[in-house]
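A.B. asks: Protein chains in written order, with the numbering used here: chain Z, 76 to 653; chain C, 23 to 377; chain B, 561 to 867.
There could be a bad hint or two in this list.
[Stated by the list, open to error] So, partial list: chain Z residues that the calculated Cβ filter (under 8 Å) puts toward chain B:
1. Leu145
2. Ala148
3. Ala371
4. Thr537
5. Ala570
No lab work stands behind these hints: they were computed from the structure. Every residue, glycine too, gets a C-beta built ideally from N, C-alpha and C.
Next come the chains, spelled out residue by residue.
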Amino acid sequence: MSENYWSKFGHDRLSRRQALRAAGVTGVGLAGAALIGCGSSDEDAAPAVTQATAAAGSTTAAAPAPVSQLTDATLTSAIASDIGSGDPQSLGGTGGGNWPNTSTHFGGSGLVSTDQETRKIIPNVATSWEEAPDHLSIVFKLRDNAYFHNGDQLTAEDVKFSMDRGALGQAEYNLEYKGGHSSQYSAIVDHAEVIDDSTVKFVLKKPDVIFLNRGLFLVPKKHIESVGDVAYAEHPVGGGVFQFVSRIPDSEIVSERFDRFHADFGDPTGYHPSYIKKLVQKVIPDNQARFAALQAGEVDLIDKISPDIAGQLAKDDKFKVFNLPGTQPMHIHINTALENDPESGKPNPWRDKRVRMAANLAVDLDGIINNILTGAEALSFGSASSSVGFPKDLPSKRWAYDVEAAKKLMAEAGYADGFDAVLNLPVGRWPNSRQVSEVIAQSLTEIGIRTRIQELQYQEVTTRFKDDSLYPLSFWGMAGGDDPGANFRYGYHSAGNYTMSVPDPEVDALIEKSELEFDKAARAELLGQIMTKFYLDAQWIFLYEPVQQVATTNKWDWTFWAKTLGDPEYWNIKPAKA
Amino acid sequence: MTEQRTRASLADADTILSVRNLRTYFYTRDGVVPAVDDVSFDIRRGEIVGLVGESGSGKSVTARSIMRLVPVPGRIVSGEMIFQGRDLVGVSEGEMRQLRGAHIGMVLQEPMASLNPVLTIGDQVGELFAYHPDRAPDGSRDDAVAEILQRVRIPDAVRRMTEFPLSFSGGMRQRVCIAIATACRPELVIADEPTTALDVTIQAQVLDLLLALRAELGVSVLFITHDLGVVAEICDSVAVMYAGKIVEYNDVESIFARPQHPYTKALLASLPRLGERLAHLPSIEGQPPDLGDLPPGCSFSPRCPAAIDRCREQAPDATAIPGASGSGHVRCFVAADMLAAGAATANAAPSGSTP
Amino acid sequence: MARFLLMRLVQSVFTLFLVLAVVFVIARVAGDPVTLLVTFDASQADIDRLREELGLSDPLPQQFVRFMGDALRGDFGTSFRTNRPAMNEVLERVPASARLAGLSLAFSLAISLPLGVLAAVSRGSVVDLFARFLALVGQAAPNFWLGLMLIFFFAVRLGWLPTGGRGGLDHMVLPAIALGTAGAASITRLTRSALLDVLNSDFVVMARAKGLPRRTVIFKHALRNALIPVVTILGLRIGTVISGSVIVETIFAWPGVGRLIIQAINVSDFPVVQAAVTLTASAVILANLLTDIAYMLVDPRIRYVRS
């Protein structure tokens, strides 16, 4: 079997993963689509990184395709939500969902990509890079045939401009916060320098072990400076596989194949010019209405369909259904930070590991996945995405459904008579979350944890995470990202914004150490330790990764390639041969 | 029961309307209600005929029947209503529409509800001419309307015709209704308790107006009321209704001087003296019958002081009152017996006395 | 009459003030908006700085006064999602919503008035039974269900009309029907019962006694009076149509204000939610005010009684 992030030290992946034939949803917060890619080894090109990742060669699946496969076809798709703005640097942690745009107009135009199997960083727009021994600067060499949609060549000036604009907030509107995605650099990057047309240097404030995993969207300097930020957001120009043609807000986005796209068929990144000439994305928010539009022949592809509709379509040979695994592992957050139950004043029972273990054992995850969800969801073992795989042995230690064992643990912990609990549920945030929460509440009640569901607005949940006042249970999901450790700082570390756990000095120390460990294997080892300890300590009730289902008519052939992309790979779709 | 044709069934030349054996039944879920049952009477030119009875005795249904405006689920079952040589029971709706408003006018009891609140007075009077052009006066509509309003003694008519009913008092509204009913100079006006809802002084004014209009236009009036005092004041002849039937019909003097039917007698007995009028009919012992569930025999028999066994078994037919003009009759076994006895005694008394 | 109008105007302004207050409170009570603006790993210093920038660290009364001042100028801030002024986002979608609402009201009236009149004048007939059945079904059917049924029947099965989306009249037919059916049902019922009431009234008997043709009696005399309650309901329908459009616009992918509200709520884009709620509430308040005025024009009684 192919390798994964943990392969260096012999970990493997869940077999469930192998059955999936699709890409996953990229998390909102950190992992950027612009970085995603796959391809050959980067050993020669990037000495500093190569040294850190002495991994085996990649096992890319992308087969070279002849240029003659380009077609004049137009694909019309129905997408659930419109982009808020065409500017890839304009969205923050608002759940705004810019993905239709970042995966088409900016898809495949990042500095680096990720090998889909090994999760290694490989070249893309940057052909090589070199990191200083003190990890405080990094120099990228750019390829000489990367272009923006307006015909301008992509140069070092554009890369510096993209960093300045995105990370350092130099746009007319407040990109630093509302621009969110690139703002993660503001605490890390001191400044960017142009060395020559094809060489750019980032000077960092502090070492950043996941610097290459962070996504920087590359935007055209000259163009934005001439048209302004507002006009740019309305008519984006990028370097991605599709170029923007027109958009009617809330209605449709029209794009065309970008003929000067830098990666040709067979490129190690897996990107290549689109088979289809034109892409029309119609915005149809309602699941049933998208289904109807597909049936009526108005569209060729629909995204984000519910399991029942997917089931209906799968039975009909006029349609094809695809599962895109997500990268946002779901869990029930357990508040162990509070010493006492804020209502009863009694000691917090969740501080007892046996109670947390019992809660994990009480939930029939396979039943939930097969009966409520699509059946294709991967199990979650923490905040790291299944696309990265899991540390060796961890899946085999999973908390398998066992009510009797759970009851026994409850009794051992002195809660044979049970206790009351509240499950806080952010309203409408995740698909099927209400049904899943009801089953979980029922399961917990069965072992004596009498659970009732309390619905909260998402905003209230994010606020109350900050002061640890969500007690004791909260339905929650966290963007997995391309690097398994990317989330540990705010999800696992006791100082994190999204942690309500009692401080575990051992985990805190391991996280801090991993953030300074530039040796990939050593870092993977550390991350494996953290994840395993957190899981076995049953700090949360671990759930699953939601899967997005997509359907097309049978007039299209579609071979997925990426594993962590939130949006259909439109450049990989072509008309089916008659 | 065989239908009995009453005397003078061949209306004389002066007769405007001759109602014969009119039956109007209501077909309700609970059964058939004979609201008007075998009613016959005549109205002569310029005559005011009173139709008297308690609430629910069938007076208003008789009026609506003549207008052919019987509300559902009622309908005219049989009989004839000869108006100017035409039987109203048989004429088409179109013909009937030509007659309504133009040849037969109608005034209702509640002046407050009889006028359309969202149309001006002028419009409500004037629209008659649009549908009865042959009866429309020459000249402008507004002039005609003003003249008609002046005819019913509405002051400042030119200005007031642009106003809505809301700014009119009850008495004034009833004048407007009378104006509407008489605008086309009809031959007959049916006035269904036109004064009941009015104050006593206003009542008198409206009655005076009706009398004046009769004099002026020569119009005949079917005057429906439960007030015998009003009848005495303006009517020429009277039909007393009880439970859907006319129990006694005669000229006003005869009725007041020599009432035949025990019900008529009871009504007169309860009438206050000195011409004083009451808002409601003085009470007669017992309850008016439920038209849907009439007692066997004579409907009045349960309340009748003179009732004999036969009254409770058999319904009396109309018996012509000797000496009465027109089609004067009474429905009572006792009265009929007494009349027969009287006729036998009086033997060769001259027939026909002047009213 | 002028005083009555003035009173209603004052009432309307007060209602609008209440709406704004509720909008303000909800946005503050629901949690800290700043947590939505920053990434997961934002530092406390960043959060504090942003809160300062947005004026969220000021005392609530001060924030409220500023909010009211801004709101009166139509300034609800910048959309978190698009970085554009929130009110612009809303106003851009008003024409689409207004077109759909207008067509749906037109549909409601075109169906309900003739049907209600026909049912009343032929009471107990097949037409009457049909009208009553339709009114019952139309009021009971939720508009999202009706919308989907219309899509699956007319767009998928028959292929006569598009399933949704922006476009000309063909794109508006199904959503207008979905949005207007409940209104058509309730107006049918109301027209029928109001007309039946009026048809039994004395002035209609009087009108018939004048020898007026049936059509004149019904349309000139009866219907005008029966329409008075219908006008009231019509005013209330405008509020219902606006709230119904939230669902119908989403199902039919119609780019209007209703759908914007759903979208903004989904991503916690509070400036847009506030702007949209305020604007739609103002529309409802205005509709009610206009209804009262229309009411006065239709019914002279009100003019006298209230003046």
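A.B. asks: Under 8 Å, Cβ to Cβ, is where Z:Ala570 needs to be relative to chain B, so tell me if that hint holds or is violated.
C.D. replies: violated (10 Å)
A.B. asks: At a threshold of 8 Å, is the proposed contact between Z:Ala148 and chain B supported by beta-carbon distances?
C.D. replies: violated (21 Å)
A.B. asks: Would the hint on Z:Ala371 stand, with a C-beta cut-off of 8 Å toward chain B?
C.D. replies: holds (5 Å)
A.B. asks: Tell me if the interface restraint on Z:Leu145 is satisfied: Cβ within less than 8 Å of some Cβ in chain B.
C.D. replies: With a minimum Cβ separation of about 29 Å from chain B (threshold 8 Å), the hint on Z:Leu145 is violated.
A.B. asks: Under 8 Å, Cβ to Cβ, is where Z:Thr537 needs to be relative to chain B, so tell me if that hint holds or is violated.
C.D. replies: Holds. Min distance 4 Å.
Checked against the numbered hints given earlier, the structure breaks hints 1, 2, 5 and satisfies all the rest.
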